[in-house]
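Visitor: Model the full structure from these sequences, guided by the hints.
One-letter residues, chain by chain:
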Amino acid sequence: MDGKVIPDAVLLNPACRGQDWADYEQSKSNFGSLLVTPDYDLIERASQELGFSREKFATGEYLFEALYTTLSTSLDFDGAHGARFVEQWLSAKGSAGYAYLGKALVQYHGAWKARGTGFANTVTPEAWDAFYKGLAEANATLDSSSAMLKQMGPWHALKLAIVFAHPKLESERPKALQAASLAWPDYLTVYSIPMERMHPRWGGSYELMEGVARFALDRTKAEHGASIYALLYERQFREDCDCTLADSKADWTLMKQGFRDADKRRALQPLRTKRFAALACQVRDRDEARRLYEIYDKVRDRSAGEEPDACRIFASK
Amino acid sequence: MRAGSLLRSNVGLPAFYLAIAAALWLPGVSGAQPAEQKRYPWDHQPGECFQPSTQADDLTRLSCAAPGWTDFAQAKTNFDRLLADPDYDLIERAANDLGFSAERFASGEYLFEALYLSMVGNFQITGVQGARQAAEWTAAKGGEGYSRLAEALVYYGQAWNVRGSRAARTVSPEAWDLFYSLLEKSDATLNVSSEKLRRTGPWHALKLSIAFHHPRYKADRLTLLKSAIAEWPDYLAVYTIPMEILHPRRGGSFELMEGVAQFALENTRTKHGAAIYALAYEWIFRMDHRHSIAESNVDWPTMRLGFRDVETKRMVRPWMWKNFAGLACQVGDRTEARRLYALYDKSEDAASRTDSDPCRTYANAPSDAKDAIGASGARGPRRP
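Protein sequence lines correspond, in order, to chains A and B. Going by my numbering, the letters in the first sequence line up with residues 1 to 317, in that order. Going by my numbering, the letters in the second sequence line up with residues 1 to 384, in that order.
By construction, these hints were calculated from the structure, which means they are not laboratory data. Treat each hint with caution, since some may be false.
What the hints assert, rightly or not - As a list, the in silico DMTMM-like pairs of lysine to aspartate or glutamate whose alpha-carbon atoms are at most 25 Å apart:
1. A:K28 with B:E295
2. B:K346 with A:D78
3. A:K298 with B:E174
4. A:K113 with B:D288
5. A:K113 with B:D345
6. A:K317 with B:E184
Guide: Written out as structure tokens, the structure is:
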């Protein structure tokens, strides 16, 4: 716990802040570029600026989401190299900051590599053992991390991912979800992790998924209307799951309200609008799909061209 | 094409013939080419290799063979690199070098497989950018070569982008219509391509992929498969494409998959033993997240024989031993898994192995330890 932390006075001084973290996608890309040829001074500084901030991008994501997504993806992909990188980062900068979360991420992704992403029937007994062992190690690492790190959204996100994957930690799930949602009520991942684990393909049900979505709605309604509810379902049904939103228990009226609330409270994003339209197509709501395509056409970059799109054909009929 | 690069593809010819050919500067080899050739970005040969030739230095120039196509992964990376910063002269030359060659890499794949894999990545799944690049390529170099395949891959990729990879019941009627229409465009593009392109492995592979996904071409499938096999009997994709489409998750069955695998075995046994059979199943189960090979109708003794034939004929990249071992773990064959890990450990990839590999744990456990799922038939719940 001997990492050097940049004083708050510096971090909070607007004059000292560059334009490095102005945009979510660009911030991910910028932080990712630091990982290519590691300079641990810069990596530590960037992880402090992003990871211990409570600010959001105009598009609604927290600054720490850009850090966490990039770090997690990179460590998942890099395997043994990732483990070495984290060791060197820890050695250079101590364990008070995000290097220590990196250590837990290496253990977590190692566990999933051992298990594989296949259905349970494809997993061997040895793979289950290695999976649970890796999750337990990651959990222990999280528990021994600094108080400062434990307050942050990424710590809660990884904690939830672990307890919702390990049956032995089942009793900790409600407590972990409560703690995370109190600390970061509008951090989407806090709800999307349990919601994903409640999906029928993991042995859950659409009723349970709707339960988590309603919990998120209760926590965020005052500030965000139904936008978090809509964004959660969008995230769940974006991935291929041999299912559509029409199979779920989502309240479509609430979803439509959520689309409008998201557009009011967050900067318009062409991709998000198109994904909302895709949900409207899945439930065959032509009017809503058309409305969303009209918004999309106003904000998209027309010079970039467009792929053939069956949902647009449906909306235009 | 300069002499050096042409001669590079004739590696099967005796060395003295190469020397004579270079010394005589064969008509049609150097004469039809511009005096100075562009370099590939990875080509760091001395400058004299790129100067107009004289007979005096021709023999010296034999060492000027351009690098780039000696290893499957490197060849793919090199072609990717060309597409990242397009120079259509270089792209066309590289596509011709790789795509119209019948040579193979030491690891067994045809040269054209590296090209095709790169093209799939750069044209099938890159959307608008890939479409623009394919059109530019054809405009720059004409449609005699691989640019037509690029165009067909663009339509094929658009078709799958529209359909998505979810179960059929989740696909909307508009998406089905558009999917089929785009597959037809892809097929039509293939049909108007040049004679020489139509004889290549990648052309046959894409043609088969389209025919096996579009009900309209159902009656053509067997003819197309036979035609592909007649041209490229040991090109793995010719068998894995129908095997994948006959997978139970697509409405087929493990019996049908095994039928294709046995067909592959019949067509390739004389030359390759059971190697193609083993490679085909490895390819199918490499990305299968729902089933283990223990659930299939694979003939495991033939698989084991196939692993040995792959070893004898050196048709393997090192990491594949680990994948083969993974299959042995799935069926609970500890002895075979251990043998395959020993082969893997001798390979250059072994340095990157991790100790947490559960299949290795299984392989190294005493013989009376608990069996893997394939042997016990145990099935866990569908959740972690």
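Visitor: Against each hint, give a clear statement of whether it holds in the structure.
Guide: Hint check:
1. A:K28 with B:E295: violated, 41 Å
2. B:K346 with A:D78: holds, 23 Å
3. A:K298 with B:E174: holds, 24 Å
4. A:K113 with B:D288: holds, 15 Å
5. A:K113 with B:D345: holds, 19 Å
6. A:K317 with B:E184: holds, 23 Å
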